[in-house]
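Engineer: Chains as they are written, first to last, in the numbering used here: chain C, 1 to 113; chain P, 1 to 113.
Treat the hints loosely; a few may be bogus.
The calculated lysine-lysine pairs, modelled on DSS-like cross-linking and capped at a C-alpha distance of 30 Å, are [claimed, not checked]:
| no. | chain 1 | residue 1 | chain 2 | residue 2 |
| --- | --- | --- | --- | --- |
| 1 | P | K40 | C | K71 |
| 2 | P | K22 | C | K110 |
| 3 | P | K22 | C | K42 |
| 4 | P | K52 | P | K36 |
| 5 | C | K68 | P | K40 |
| 6 | C | K68 | P | K41 |
| 7 | C | K110 | P | K67 |
| 8 | C | K110 | P | K52 |
| 9 | P | K71 | C | K22 |
| 10 | P | K71 | C | K110 |
| 11 | C | K22 | P | K22 |
Think of the hints as simulated: they come from the structure by calculation, not from any bench.
On a predicted model such as this, the values are computed, not experimentally measured, just so you know.
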Amino acid sequence: GENVEQHPSTLSVQEGDSAVIKCTYSDSASNYFPWYKQELGKRPQLIIDIRSNVGEKKDQRIAVTLNKTAKHFSLHITETQPEDSAVYFCAASNTGGGNKLTFGTGTQLKVEL
Amino acid sequence: DTAVSQTPKYLVTQMGNDKSIKCEQNLGHDTMYWYKQDSKKFLKIMFSYNNKELIINETVPNRFSPKSPDKAHLNLHINSLELGDSAVYFCASSRYGAGETQYFGPGTRLLVL
Chain C
1 GENVEQHPST LSVQEGDSAV IKCTYSDSAS NYFPWYKQEL GKRPQLIIDI RSNVGEKKDQ
61 RIAVTLNKTA KHFSLHITET QPEDSAVYFC AASNTGGGNK LTFGTGTQLK VEL
Chain P
1 DTAVSQTPKY LVTQMGNDKS IKCEQNLGHD TMYWYKQDSK KFLKIMFSYN NKELIINETV
61 PNRFSPKSPD KAHLNLHINS LELGDSAVYF CASSRYGAGE TQYFGPGTRL LVL
């Protein structure tokens, strides 16, 4: 089955700096890669996703890049703000091979003033 | 209107008891999920239903039994609760499957004493 590794487990940045979270996946058939943000005590919510036919996707201050050959994808947050502090999860699924989304282990991002 | 709702939000119970968690979505989605999030924040899929049919059943003890009376509802019944069952249980739904955005419920915080 799919295995998703995520690094780092914790990340502390100064407000205004950039933050990068990296994930690797094992199943070369995976073709859908979402990122979820979970604030303390709240539910996970999708912030951005990318499919395997695209190498990069941006939405304002967040971007995701995908390298299918190396089987890794990354989340980039620019101009970080205190409200970006949360746990971020990457995930991967093979949309043609089942209905399972496999999550990474999460990254606790702290944006310090 | 709440898209995905769960009841109860908190559940404190003794070892050996049986409890149920209910989930409802009003998004018209075909697929619903149960996830377990442990104290280390790992999000792990337990079950997935597509239009009332069980399609994912991870290696979960058979003390856990999901039921989907219709595609808008997915309940989770847990028999003979154990200390290790303490976690946050999230229900989620997506339009067609794991290649679509998953919308999570607020979570049910279960504490087994």
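Engineer: Hinted pair, alpha-carbon criterion (30 Å max): P/K71, C/K110. Please report holds or violated.
Structural biologist: With Cα atoms ~38 Å apart, P/K71 and C/K110 exceed 30 Å; violated.
Engineer: Please verify whether P/K22 and C/K110 have alpha carbons no more than 30 Å apart.
Structural biologist: Distance ~33 Å between P/K22 and C/K110 Cα, so the pair is violated.
Engineer: C/K68 and P/K41: Cα distance at most 30 Å?
Structural biologist: 27 Å, holds
Engineer: Hey, P/K52 versus P/K36, does the alpha-carbon distance stay inside 30 Å?
Structural biologist: 20 Å, holds
Engineer: What's the verdict on P/K71 and C/K22, does the C-alpha distance respect the 30 Å limit or exceed it?
Structural biologist: 35 Å, violated
Engineer: Can you confirm whether the C-alpha distance between P/K40 and C/K71 stays at or below 30 Å?
Structural biologist: Holds - the C-alpha atoms of C/K71 and P/K40 are around 25 Å apart, at most 30 Å.
Engineer: When you check the alpha-carbon spacing of P/K22 and C/K42, does it fall within 30 Å?
Structural biologist: 18 Å, holds
Engineer: Could you grab the alpha-carbon distance between C/K110 and P/K67 and see if it respects the 30 Å cut-off?
Structural biologist: 39 Å, violated
Engineer: Taken at face value, is the distance from the CA of P/K22 to the CA of C/K22 at most 30 Å?
Structural biologist: 35 Å, violated
Engineer: Given the hinted pair C/K110 and P/K52, is their Cα-Cα distance within 30 Å?
Structural biologist: Between C/K110 and P/K52 the Cα gap is close to 40 Å, so the pair fails against 30 Å, i.e. violated.
Engineer: Decide if the proposed pair is consistent with the structure: C/K68 and P/K40, CA atoms, cutoff 30 Å inclusive.
Structural biologist: Holds - the C-alpha atoms of P/K40 and C/K68 are around 29 Å apart, at most 30 Å.
Checked against the numbered hints given earlier, this structure breaks hints 2, 7, 8, 9, 10, 11; the rest are met.
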